[in-house]
Amino acid sequence: MSNSFQHIYWVIGLLFFQLFVIDVIDLGTYSSFFTPLIFSYVIFKRKLETTVTELLIFAFIVGFLVDVFRNTIGLNISVLLLITFLRSRILNLISAREDFDDNIELNLFNIGILRYLFYYGVVLFFHHALFYLVEQFSFVHLFSLLSKALINSLFALAILMLFEFIFNSNK
Amino acid sequence: MRNLILLIQKYRNLLFFLFLEFIAISFLFSWKNTYHHSTYISSSNFITSTVWNWKNKIDSYFNLSEINKQLADENAFLKEMLLNKEILLGKNFVKSGDSLFVKAFKFQEATIIQSQFKFSENHILINKGSINGIETEMGFKGTKGIIGRVVNVSAHYANVLPVINADFKLSVIHNASNSWGDLSWEKGINDYRTATINNIPIYAKVNLNDLFTTTGSDGIFPSQIPVGKVVKIEKDQEAQKKVITIELIEDFSNIHVGFVVKNNLRSEMIEIQKNE
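Protein sequence lines correspond, in order, to chains A and B.
Read the first sequence against this note's numbering and you will find it ends at 169, with the numbers running on by one and no gaps.
Read the second sequence against this note's numbering and you will find it ends at 258, with the numbers running on by one and no gaps.
It is possible that some hints are incorrect.
Some chain A residues near chain B, calculated using beta-carbon distances under 10 Å [unchecked claim]: (1) L46; (2) V50; (3) N69; (4) N101; (5) N105; (6) L144.
Below, in silico cross-link-like pairs of lysine to aspartate or glutamate (EDC-like), each with a Cα-Cα straight-line distance of 16 Å or less [said to hold, decoys possible]: (7) K37/B x E133/A; (8) K169/B x D99/A; (9) K214/B x D200/B.
Listed next, with one range per pair, are the computed distances between beta-carbon atoms [to be verified]: (10) E229/B x G110/A: 29 to 39 Å; (11) I102/A x S42/B: 38 to 48 Å; (12) L(-3)/B x N90/A: 28 to 38 Å; (13) N191/B x I92/A: 20 to 30 Å; (14) N90/A x E56/B: 52 to 62 Å.
Please keep in mind that the hints were generated in silico from the structure rather than gathered at the bench.
Idealized CB from N, CA, C, for every residue including glycine.
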């Protein structure tokens, strides 16, 4: 039970940081290069043994919350559902199945820094690229879209690692 | 039948995913295509707008000097206009309440409690709603220039579609040459400081730093409200048009107060335009 409370804390904390800190930081012309999406972490970190159904419901709720606050209903839900469904496939692609234990949370201190960077780098990049694609709804300016996705996923990775060091390091 | 059940069992994750994705995408398209999407699943609903209001209550203290400055600037501007007007007209000739002079536009002050400026779909939330007489299709003006148009109203809050959203369209006029053009904001090309104006004829003389203002033709804004200043001029030889990039007068990363513009004569205007 304490586990599910922990999930709720992470959801609230990351949403708070996303909406009230990241979304309001103004970097002038470069603002669009600092819009990392960090809330997807609450889905990516779930144990491998979590059923896909549970994950999908969770993703729907988280996406809905973000969308309601940002007034973009459907945008984050659809992207988050897709990336949630593809999570296990991406994991299979980038690693041998034995690499990760089924019953551990996929955080920095459980899976090691190299695999952490690799796994989260790939899923976050996919998430950002899909998000910008659906938001823009066309393939024009594909290069700027991909560079935006790359830079923002690096920012997201950095922010998430900072959070890991603050909140998960005592385990 | 048994095979069907087995099939469903085998692909239940995929089917469940497709089911949820279908819901999400129908949300997405209903939001993208219909103009007035439901009040309950947007940021002007009770719960989310209350949260934004708390946030605004906290951080408006940090912006007090900026808000003060914006209002003082506007005050100075209005005073200058008013004083000039009195000299021009003379008090004796205008009776207040004279039916010759109908007040078409009414302004109501509103505080911006949430503003987005980084995304492809930016929105603004203000703290006035239907109990203050706000309706959809009213204009929203900042202290310096136009901000957007009200698209969604709940009891105490309203959503504004700002200029920096690709769905926002407005006809604007180039003050020096009186040429009309179409203001739009293009995803991926414009950032929150700029917008694009199309359909200016190629023979119109447009210089850098020229001012574009509203035309008043749509009945949402009065005429002569500043929109932006020219920063880039391109010629489209094929269409014989100019494509002009303007820098918006309002800084959308730094807006705190504004005025909802109500046009009492708009229904009359629409009626006439329908009959044409």
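Now the hints, each set against the structure:
no. : hint                        : in the structure
1   : L46                         : violated (14 Å)
2   : V50                         : holds (4 Å)
3   : N69                         : holds (4 Å)
4   : N101                        : violated (20 Å)
5   : N105                        : violated (24 Å)
6   : L144                        : violated (12 Å)
7   : K37/B x E133/A              : violated (26 Å)
8   : K169/B x D99/A              : violated (43 Å)
9   : K214/B x D200/B             : violated (26 Å)
10  : E229/B x G110/A: 29 to 39 Å : violated (49 Å)
11  : I102/A x S42/B: 38 to 48 Å  : holds (45 Å)
12  : L(-3)/B x N90/A: 28 to 38 Å : violated (21 Å)
13  : N191/B x I92/A: 20 to 30 Å  : violated (53 Å)
14  : N90/A x E56/B: 52 to 62 Å   : holds (60 Å)
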